[in-house]
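Participant: Protein chains in written order, with my numbering: chain E, 2 to 567; chain H, 4 to 117.
Hints may be right or wrong, so weigh each one.
Distance condition first, Cα-Cα at most 27 Å in a straight line; then the derived DSS-like pairs of lysine-lysine [claimed, not checked]:
(1) H:K62 <-> E:K359
(2) E:K495 <-> E:K431
(3) E:K434 <-> E:K496
(4) H:K54 <-> E:K350
(5) E:K434 <-> H:K51
(6) E:K562 <-> E:K435
(7) E:K431 <-> E:K390
(8) E:K434 <-> E:K344
(9) E:K431 <-> H:K51
(10) E:K344 <-> H:K65
(11) H:K54 <-> E:K431
(12) E:K495 <-> E:K465
(13) H:K51 <-> E:K435
(14) H:K33 <-> E:K431
(15) H:K33 <-> H:K45
(16) E:K359 <-> H:K54
(17) E:K434 <-> H:K65
(18) E:K497 <-> E:K434
(19) E:K295 <-> E:K441
(20) H:K65 <-> E:K350
(21) E:K495 <-> H:K33
(22) E:K359 <-> H:K65
(23) H:K45 <-> E:K431
(24) E:K496 <-> E:K435
(25) E:K434 <-> E:K482
(26) E:K311 <-> E:K295
Quick caveat, the hints were computed from the structure, so don't treat them as lab data.
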Amino acid sequence: MNSRKRQASDSLLPTRSIKHQRTEESQSILSRWRKLGVEVFRLGQETFQILTASGEHVESESEPTSKPKAATTGPSAPSQFNHSHLPSRPPIPIEFQRPMDPPRRSQLSSSQPSRSESSRAMNGSAMSPPSTLTGYTSATSIASTSKAENPNSQFLKLMASSGHSTQDIQRFKFQGQIRHRPHILAKEHKNIVQQTRRRDREELIQELYNLRRKAGYDQGYDTFKNDYINYAGRLEILSRRDVLSPSSSLTDLRAKSNTPTLSHRHSFSDDVSPEFLERAIRRMRQSLSSPPPKPFAPSHDLLRRSARQKDEKIEQSLRPKAPPLPAALPADLDAQVTNLLTKRGIVSKIAREQVSDKDISRLLPCQWLNDEIINFYGQMILSRSEASKENPGVNGVVGGKNKPLNVHYFNTFFWSKMRIEGYERSRLAKWTKKFDIFAKDVILIPINHNNSHWTAAAINFRRKRIESFDSMSLDRQQVFKTLRQYLDLEHRNKKKQPFDFTGWEDYDPEDTPQQENGYDCGVFTCQFLESLSRGEEIFNFTQRDMSYLRRRMIWEIGNAKFLGAP
Amino acid sequence: MADNEGQSQQTQDIKPQDEQSQDTAPINVKVVSSTGDEVFFKIKRNTKLSKLQGAYATKVGKDVASIRFLYDGARINDDDTPQSLDMEDNDTIDVMVEQVGGSAMSSYQYSRKS
Chain E
2 MNSRKRQASD
12 SLLPTRSIKH
22 QRTEESQSIL
32 SRWRKLGVEV
42 FRLGQETFQI
52 LTASGEHVES
62 ESEPTSKPKA
72 ATTGPSAPSQ
82 FNHSHLPSRP
92 PIPIEFQRPM
102 DPPRRSQLSS
112 SQPSRSESSR
122 AMNGSAMSPP
132 STLTGYTSAT
142 SIASTSKAEN
152 PNSQFLKLMA
162 SSGHSTQDIQ
172 RFKFQGQIRH
182 RPHILAKEHK
192 NIVQQTRRRD
202 REELIQELYN
212 LRRKAGYDQG
222 YDTFKNDYIN
232 YAGRLEILSR
242 RDVLSPSSSL
252 TDLRAKSNTP
262 TLSHRHSFSD
272 DVSPEFLERA
282 IRRMRQSLSS
292 PPPKPFAPSH
302 DLLRRSARQK
312 DEKIEQSLRP
322 KAPPLPAALP
332 ADLDAQVTNL
342 LTKRGIVSKI
352 AREQVSDKDI
362 SRLLPCQWLN
372 DEIINFYGQM
382 ILSRSEASKE
392 NPGVNGVVGG
402 KNKPLNVHYF
412 NTFFWSKMRI
422 EGYERSRLAK
432 WTKKFDIFAK
442 DVILIPINHN
452 NSHWTAAAIN
462 FRRKRIESFD
472 SMSLDRQQVF
482 KTLRQYLDLE
492 HRNKKKQPFD
502 FTGWEDYDPE
512 DTPQQENGYD
522 CGVFTCQFLE
532 SLSRGEEIFN
542 FTQRDMSYLR
552 RRMIWEIGNA
562 KFLGAP
Chain H
4 MADNEGQSQQ
14 TQDIKPQDEQ
24 SQDTAPINVK
34 VVSSTGDEVF
44 FKIKRNTKLS
54 KLQGAYATKV
64 GKDVASIRFL
74 YDGARINDDD
84 TPQSLDMEDN
94 DTIDVMVEQV
104 GGSAMSSYQY
114 SRKS
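Let the hints inform the model, and build the full structure from the sequences given.
Facilitator: In structure tokens:
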């Protein structure tokens with residue numbers, strides 16, 4: 002009675018589903034009954050021998066064998082029995098102690114007043130999942146165990162009453178039952194342990210709560226403690242068991258073998274284990290001490306760079322770029338250039354154009370170019386175009402990208418004549434008496450502005466554009482105006498009707514390569530014209546390439562052919 | 004003004020030098036500078052135009068290398084003759100001075116153009 006009452010209020014006791022317990026219990030009972038049968042048989046045998054020897058009480062001894070099966074319950078029975086017998090019990094032999102875990106035993110006994118409790122622990126039926134999982138009170142579980150205990154206790158009682166030798170009883174005890182009297186300070190000890198654990202746990206939770214707060218947890222402490230921690234702890238226990246516990250009607254073997262019984266002795270019914278709290282705190286510290294993840298916030302530069310890269314990719318796929326120009330001529334060509342520069346007099350000739358050493362020395366760095374160089378280069382362009390017209394394929398692939406267009410090159414004086422004297426007075430009609438400019442693809446016109454600046458202009462019949470390419474990007478409205486005037490007058494002169502300007506536009510691209518000094522415009526102009534003669538609209542050179550291009554132009558003019566041409 | 008000067012003397016200078024044989028009589032050639040000055044020459048069809056160029060250069064007091072002679076937009080070479088260029092009587096030869104350019108540094112030019 003006493004033990005039962007105390008246990009009901011003891012939240013420390015592990016609980017377990019009743020059904021579960023029963024099945025396990027019934028299993029162990031079965032085996033115990035088997036052993037009991039053997040024992041009874043042996044007992045009967047011995048008794049018979051004794052009786053035959055002494056000739057006493059034959060009838061009264063034969064009865065108890067059938068009595069346990071009646072399963073009459075009597076909770077008070079075990080205590081009676083134990084109290085009467087324990088003091089006189091002799092020490093247990095070593096080999097008999099084996100199945101029992103001595104330290105566990107001692108710990109358990111310190112807080113365990115009842116015999117039924119100790120038997121549960123020994124039989125393994127006490128290995129229940131943590132109390133948090135099941136909400137059952139310890140009272141019910143005790144009720145069930147005490148019921149299950151009955152056969153044993155009954156038998157012991159009978160044995161005791163029958164006044165058997167201690168040896169026999171002890172042999173029975175080895176089968177399962179050993180009992181200690183609780184220490185007189187057991188209660189206090191238990192209370193102290195409980196308090197300490199509670200305090201430790203509280204501290205751990207507080208610490209974890211503080212850590213969580215740092216990481217942004219913004220609920221109150223009570224919510225954290227009562228709801229969150231318990232829930233998290235339960236989740237962890239569940240996940241550690243891999244799966245949810247099997248159906249309660251089955252024996253959970255894994256739980257039996259893995260779960261340490263010890264830790265549940267002092268756990269609280271609504272609590273999580275301190276190990277869990279410690280792990281949680283450790284994890285929390287780790288995550289707090291690790292550097293915070295950087296949010297992805299692309300800077301303006303980054304965005305612009307990626308946008309430019311995309312643009313370039315598109316540009317590349319639309320118009321595959323020619324490889325960039327080299328920094329310098331090959332060594333042998335460079336030597337030829339040096340050699341060319343030592344020549345005196347007329348260095349090179351093509352058609353009606355010729356250049357002298359004075360002219361060609363203007364292609365050395367930082368020199369202004371004169372009309373001779375420009376016209377010579379223009380004549381080279383014109384000759385190439387005419388050559389490819391007569392003999393298509395001479396310049397590589399027929400119809401390929403590098404195929405020269407059908408161009409006409411007006412020399413540098415065309416602009417001066419047209420601009421200063423006008424179409425009629427300068428008799429420009431006679432300049433085109435041998436060909437029809439309207440049948441050309443492109444008319445190339447170098448323009449000298451006030452004897453200080455060279456630009457390139459073109460009449461592009463294929464695209465219906467009047468084009469102006471200025472390495473200084475000055476306002477060249479005059480160019481468009483004058484060239485339109487020329488076109489109209491030429492058309493009236495040759496075709497006897499005004500030129501049809503519908504669809505024609507002025508083209509003054511913003512991305513024209515720009516010179517960065519006061520002397521390279523002639524080279525730019527020559528390169529504009531050369532590129533235009535090949536139908537190229539993206540110029541593949543910049544200020545950076547000028548020193549190379551000047552060098553290359555010396556070679557090209559000196560040899561009167563373009564580099565790379567056959 | 005320019006007309007008077009040119010017409011008078013120059014015609015005589017060139018004619019007498021070469022043999023009068025062959026096909027034709029001398030032709031009259033007008034040399035016009037970019038500033039509009041005109042000089043007239045009378046030259047045989049097979050006479051090298053280099054002579055005309057030299058005569059013109061001395062006349063206007065310039066180095067031959069610094070001036071360019073154009074016939075219908077095409078550069079006249081030293082060994083060209085009126086015949087090789089299919090020149091006709093009273094044709095015009097344009098004289099241009101050397102052109103150079105490096106950059107459009109002056110703002111003067113920019114403002115003038117626009």
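Participant: None of the hints should be skipped; say for each whether it holds.
Facilitator: Verification of the supplied hints:
About 24 Å separates the Cα atoms of K62 (chain H) and K359 (chain E), which keeps this hinted pair within 27 Å; it holds. Under the criterion of a C-alpha separation no larger than 27 Å, the hint pairing K495 (chain E) with K431 (chain E) is consistent with the structure, at around 10 Å. For the hint linking K434 (chain E) to K496 (chain E), the alpha-carbon distance of about 12 Å falls within 27 Å, and the restraint holds. As the CA atoms of K54 (chain H) and K350 (chain E) are separated by approximately 20 Å, the hinted pair is consistent with the 27 Å bound.
Restraint check for K434 (chain E) and K51 (chain H): the C-alpha separation of about 23 Å stays at or below 27 Å, so the hint holds. Proposed proximity of K562 (chain E) and K435 (chain E) is supported: the alpha carbons are some 24 Å apart, at most 27 Å. For the given pair, K431 (chain E) sits about 23 Å from K390 (chain E) by alpha-carbon distance, which is consistent with the 27 Å threshold. Proximity of K434 (chain E) to K344 (chain E) is assessed by CA-CA distance (about 37 Å); at most 27 Å being required, the pair is judged violated.
For the hint linking K431 (chain E) to K51 (chain H), the alpha-carbon distance of about 22 Å falls within 27 Å, and the restraint holds. Between the alpha carbons of K344 (chain E) and K65 (chain H) the distance comes to roughly 25 Å, so the proposed pair stays at or under 27 Å and holds. At roughly 24 Å between alpha-carbon atoms, K54 (chain H) and K431 (chain E) fall within 27 Å of each other, so this suggested pair holds. A C-alpha spacing of about 19 Å is found between K495 (chain E) and K465 (chain E), which places the hinted pair at or below 27 Å, so the restraint holds.
With a C-alpha separation of about 23 Å, the suggested pair K51 (chain H) and K435 (chain E) falls inside the 27 Å cut-off, and the hint holds. Proximity of K33 (chain H) to K431 (chain E) is assessed by CA-CA distance (about 15 Å); at most 27 Å being required, the pair is judged to hold. Between the alpha carbons of K33 (chain H) and K45 (chain H) the distance comes to roughly 9 Å, so the proposed pair stays at or under 27 Å and holds. Between K359 (chain E) and K54 (chain H), the direct Cα distance comes to roughly 23 Å. Compliance with the 27 Å bound is thereby established for this hinted pair.
For the proposed pair K434 (chain E) and K65 (chain H), the alpha carbon gap of about 31 Å is over 27 Å, so the pair is violated. This hinted pair checks out: K497 (chain E) and K434 (chain E) have alpha carbons roughly 15 Å apart, not beyond 27 Å. In summary, the hint linking K295 (chain E) to K441 (chain E) is not supported, as the alpha carbons are separated by about 63 Å, beyond the 27 Å threshold. Proximity of K65 (chain H) to K350 (chain E) is assessed by CA-CA distance (about 24 Å); at most 27 Å being required, the pair is judged to hold.
With a C-alpha separation of about 25 Å, the suggested pair K495 (chain E) and K33 (chain H) falls inside the 27 Å cut-off, and the hint holds. Taken as a hint, the K359 (chain E) and K65 (chain H) pair is honoured in the structure, with Cα atoms around 17 Å apart against an allowance of 27 Å. Proximity of K45 (chain H) to K431 (chain E) is assessed by CA-CA distance (about 21 Å); at most 27 Å being required, the pair is judged to hold. Straight-line distance between C-alpha atoms of K496 (chain E) and K435 (chain E) comes to about 14 Å, which keeps the hinted pair within the 27 Å bound.
For the proposed pair K434 (chain E) and K482 (chain E), the alpha carbon gap of about 23 Å is at most 27 Å, so the pair holds. A threshold of 27 Å between alpha carbons decides the hint, and for K311 (chain E) with K295 (chain E) the separation of about 26 Å falls inside it, so the pair holds.
In this structure, the hints that do not hold are numbers 8, 17, 19, in rising order.
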